Amino acid sequence: MLKFIAPAAAISALIVAGAAYAQAAKLNDAQIAHIAYTAGNIDVAAGKQALAKSKDKAVRDFASEMVRDHTAVNDQALALVKKLNVTPQDNATSQALSKEAAAKLASYAKLEGKAFDKAYVANEVAYHKTVNGALKTQLIPGAQNAELKSLLQTGLKLFTDHQTHAEHLAASVK
Amino acid sequence: MSPIPWRVGLIAGAALVAASACSPAAPKTYQVTLHDLMFGPTPPEAHVGDTLEWANNDLFLHSATASDGSFDVELKPGAHVAQPLTKAGTFDFICKYHPGMKGRLVVSP
Chain A
1 MLKFIAPAAA ISALIVAGAA YAQAAKLNDA QIAHIAYTAG NIDVAAGKQA
51 LAKSKDKAVR DFASEMVRDH TAVNDQALAL VKKLNVTPQD NATSQALSKE
101 AAAKLASYAK LEGKAFDKAY VANEVAYHKT VNGALKTQLI PGAQNAELKS
151 LLQTGLKLFT DHQTHAEHLA ASVK
Chain B
1 MSPIPWRVGL IAGAALVAAS ACSPAAPKTY QVTLHDLMFG PTPPEAHVGD
51 TLEWANNDLF LHSATASDGS FDVELKPGAH VAQPLTKAGT FDFICKYHPG
101 MKGRLVVSP
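Protein sequence lines, in the order shown, are assigned to chains A and B. Under this note's numbering, think of the first position of the first sequence as 1, with each following residue one higher. Under this note's numbering, think of the first position of the second sequence as 1, with each following residue one higher.
Rather than coming from a laboratory, the hints here were simulated on the basis of the structure. Remember, predicted model here, so these are calculated numbers, not experimental data. Beta carbons are placed, not taken as given, at the ideal position from N, Cα and C, and that holds for glycine. Check the hints yourself; a few may be wrong.
Ranges between beta-carbon positions, derived for each pair [claimed, not checked]:
# : chain 1 : residue 1 : chain 2 : residue 2 : range
1 : A       : 82        : B       : 77        : 16 to 22 Å
2 : B       : 36        : A       : 83        : 18 to 24 Å
3 : B       : 88        : A       : 82        : 29 to 35 Å
4 : A       : 79        : B       : 55        : 43 to 49 Å
5 : B       : 89        : A       : 92        : 51 to 57 Å
6 : A       : 90        : B       : 106       : 48 to 54 Å
7 : B       : 48        : A       : 144       : 47 to 53 Å
Once the Cα atoms are required to be at most 20 Å apart in a straight line, the calculated SDA-like pairs of lysine to any residue come out as [as the list claims (entries may be wrong)]:
#  : chain 1 : residue 1 : chain 2 : residue 2
8  : B       : 96        : A       : 168
9  : A       : 157       : B       : 99
10 : A       : 48        : A       : 107
11 : A       : 157       : B       : 87
12 : B       : 87        : B       : 43
13 : B       : 102       : A       : 156
14 : A       : 157       : B       : 43
15 : B       : 96        : A       : 58
16 : A       : 129       : B       : 100
17 : B       : 102       : A       : 149
18 : B       : 96        : A       : 91
19 : B       : 96        : A       : 107
20 : A       : 82        : B       : 59
21 : A       : 149       : B       : 76
22 : B       : 96        : A       : 149
23 : A       : 57        : B       : 96
24 : B       : 76        : A       : 56
25 : A       : 149       : B       : 57
26 : B       : 28        : B       : 38
27 : A       : 157       : B       : 28
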């Protein structure tokens, strides 16, 4: 009997994983736009927090760049969804991103000086890596509209550049 | 029309052609486009006296910043900025905001 249970458990795990994959793959353009916009907004908020807290010039320059660049992409995204007459649609991925970001902002608010700089920059490296992964494997392949896809590809180039910049900065903020 | 002014006109025209053939090449303006976090190609045969026009067709603030400090041009989104080429040499440049963006400019005397 045990012999049957083990494979059954393995199969059901596979089915669950498969269902999760299918759900992820089924994101529509309105949801994809919402996720991309949310991801940008999170980085703008983190940058604003850094500008309010950090006194390190390199960290502040980086934070200004994040605020400026992500605001520019998001402005473009808003103009695009308006043009396409699409209302960005909230979804589980956007909610999970926002929830995690709110927790990070709250915990970094308690840090000061070098401790804050290190935490902010380390998180920027990790965050850009995560978003790059999502853009490459999920959001860009899933986007149906050509203009949305193209804007996401610009976003990927931007996030990749920011990741490199954050990695260089992480090496100098010690 | 009398034949004399016609002949004078012809000589004057020939003199103009000769003058332009003898003078050095007229200064040129070359455009380098920035798009999607990349610098487009730089001109292959730029000379001192020519002008480079940086055209930022991107959504983002960029710069064209020479590694040796020779120039540092701020390029707002949509901006076209003319840069007279006053110095010969090979200049490696980056965008100081997006250091992944790189280019090389060669200016002959």
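Right, here's what the structure says about each hint:
1. Roughly 19 Å separates the CB atoms of residue 82 of chain A and residue 77 of chain B, a value that falls within the hinted 16 to 22 Å.
2. Separated by about 20 Å at the C-beta atoms, residue 36 of chain B and residue 83 of chain A satisfy the suggested range of 18 to 24 Å.
3. At roughly 49 Å, the beta-carbon separation of residue 88 of chain B and residue 82 of chain A lies outside the given 29 to 35 Å, and the hint is violated.
4. Distance hint check: the CB atoms of residue 79 of chain A and residue 55 of chain B are about 21 Å apart, inconsistent with the given range 43 to 49 Å.
5. As the Cβ distance of residue 89 of chain B to residue 92 of chain A is approximately 56 Å, the hint placing it in 51 to 57 Å holds.
6. At roughly 52 Å, the beta carbons of residue 90 of chain A and residue 106 of chain B sit within the given window of 48 to 54 Å.
7. Here the CB-CB span from residue 48 of chain B to residue 144 of chain A is close to 51 Å, well matched to the stated 47 to 53 Å.
8. Between residue 96 of chain B and residue 168 of chain A the CA atoms are separated by roughly 13 Å; this keeps the pair inside 20 Å, and the hint holds.
9. The straight-line distance between the Cα atoms of residue 157 of chain A and residue 99 of chain B is roughly 12 Å, inside the 20 Å bound, and the hint therefore holds.
10. Distance hint between residue 48 of chain A and residue 107 of chain A is fulfilled; the C-alpha atoms sit about 15 Å from each other, no more than 20 Å.
11. This hinted pair does not check out: residue 157 of chain A and residue 87 of chain B have alpha carbons roughly 33 Å apart, beyond 20 Å.
12. Among the hinted pairs, residue 87 of chain B with residue 43 of chain B is consistent with the structure: their alpha-carbon atoms are about 15 Å apart, no more than 20 Å.
13. Between the alpha carbons of residue 102 of chain B and residue 156 of chain A the distance comes to roughly 18 Å, so the proposed pair stays at or under 20 Å and holds.
14. Only pairs whose Cα atoms come within 20 Å are accepted, and residue 157 of chain A paired with residue 43 of chain B is rejected, the gap being roughly 25 Å.
15. Annotation: proposed proximity of residue 96 of chain B to residue 58 of chain A holds, straight-line Cα distance about 12 Å (limit 20 Å).
16. Distance hint between residue 129 of chain A and residue 100 of chain B is fulfilled; the C-alpha atoms sit about 16 Å from each other, no more than 20 Å.
17. Note on residue 102 of chain B and residue 149 of chain A: the hinted pairing is violated, with a Cα-Cα distance of about 25 Å set against a maximum of 20 Å.
18. In summary, the hint linking residue 96 of chain B to residue 91 of chain A is not supported, as the alpha carbons are separated by about 37 Å, beyond the 20 Å threshold.
19. Between residue 96 of chain B and residue 107 of chain A the CA atoms are separated by roughly 31 Å; this puts the pair beyond 20 Å, and the hint is violated.
20. Distance check on the hinted pair: residue 82 of chain A and residue 59 of chain B sit about 18 Å apart at the alpha-carbon level, within 20 Å; holds.
21. For the proposed pair residue 149 of chain A and residue 76 of chain B, the alpha carbon gap of about 24 Å is over 20 Å, so the pair is violated.
22. Under the criterion of a C-alpha separation no larger than 20 Å, the hint pairing residue 96 of chain B with residue 149 of chain A is inconsistent with the structure, at around 27 Å.
23. Pair hint residue 57 of chain A plus residue 96 of chain B holds up; C-alpha atoms about 14 Å apart against a cutoff of 20 Å.
24. Note on residue 76 of chain B and residue 56 of chain A: the hinted pairing is violated, with a Cα-Cα distance of about 25 Å set against a maximum of 20 Å.
25. A distance of roughly 19 Å separates the Cα atoms of residue 149 of chain A and residue 57 of chain B; the hinted pair therefore holds under the 20 Å criterion.
26. Restraint check for residue 28 of chain B and residue 38 of chain B: the C-alpha separation of about 23 Å exceeds 20 Å, so the hint is violated.
27. With a CA separation close to 33 Å, the supplied pair residue 157 of chain A and residue 28 of chain B exceeds the 20 Å bound.
Going through the hint list in order, the structure does not satisfy hints 3, 4, 11, 14, 17, 18, 19, 21, 22, 24, 26, 27.
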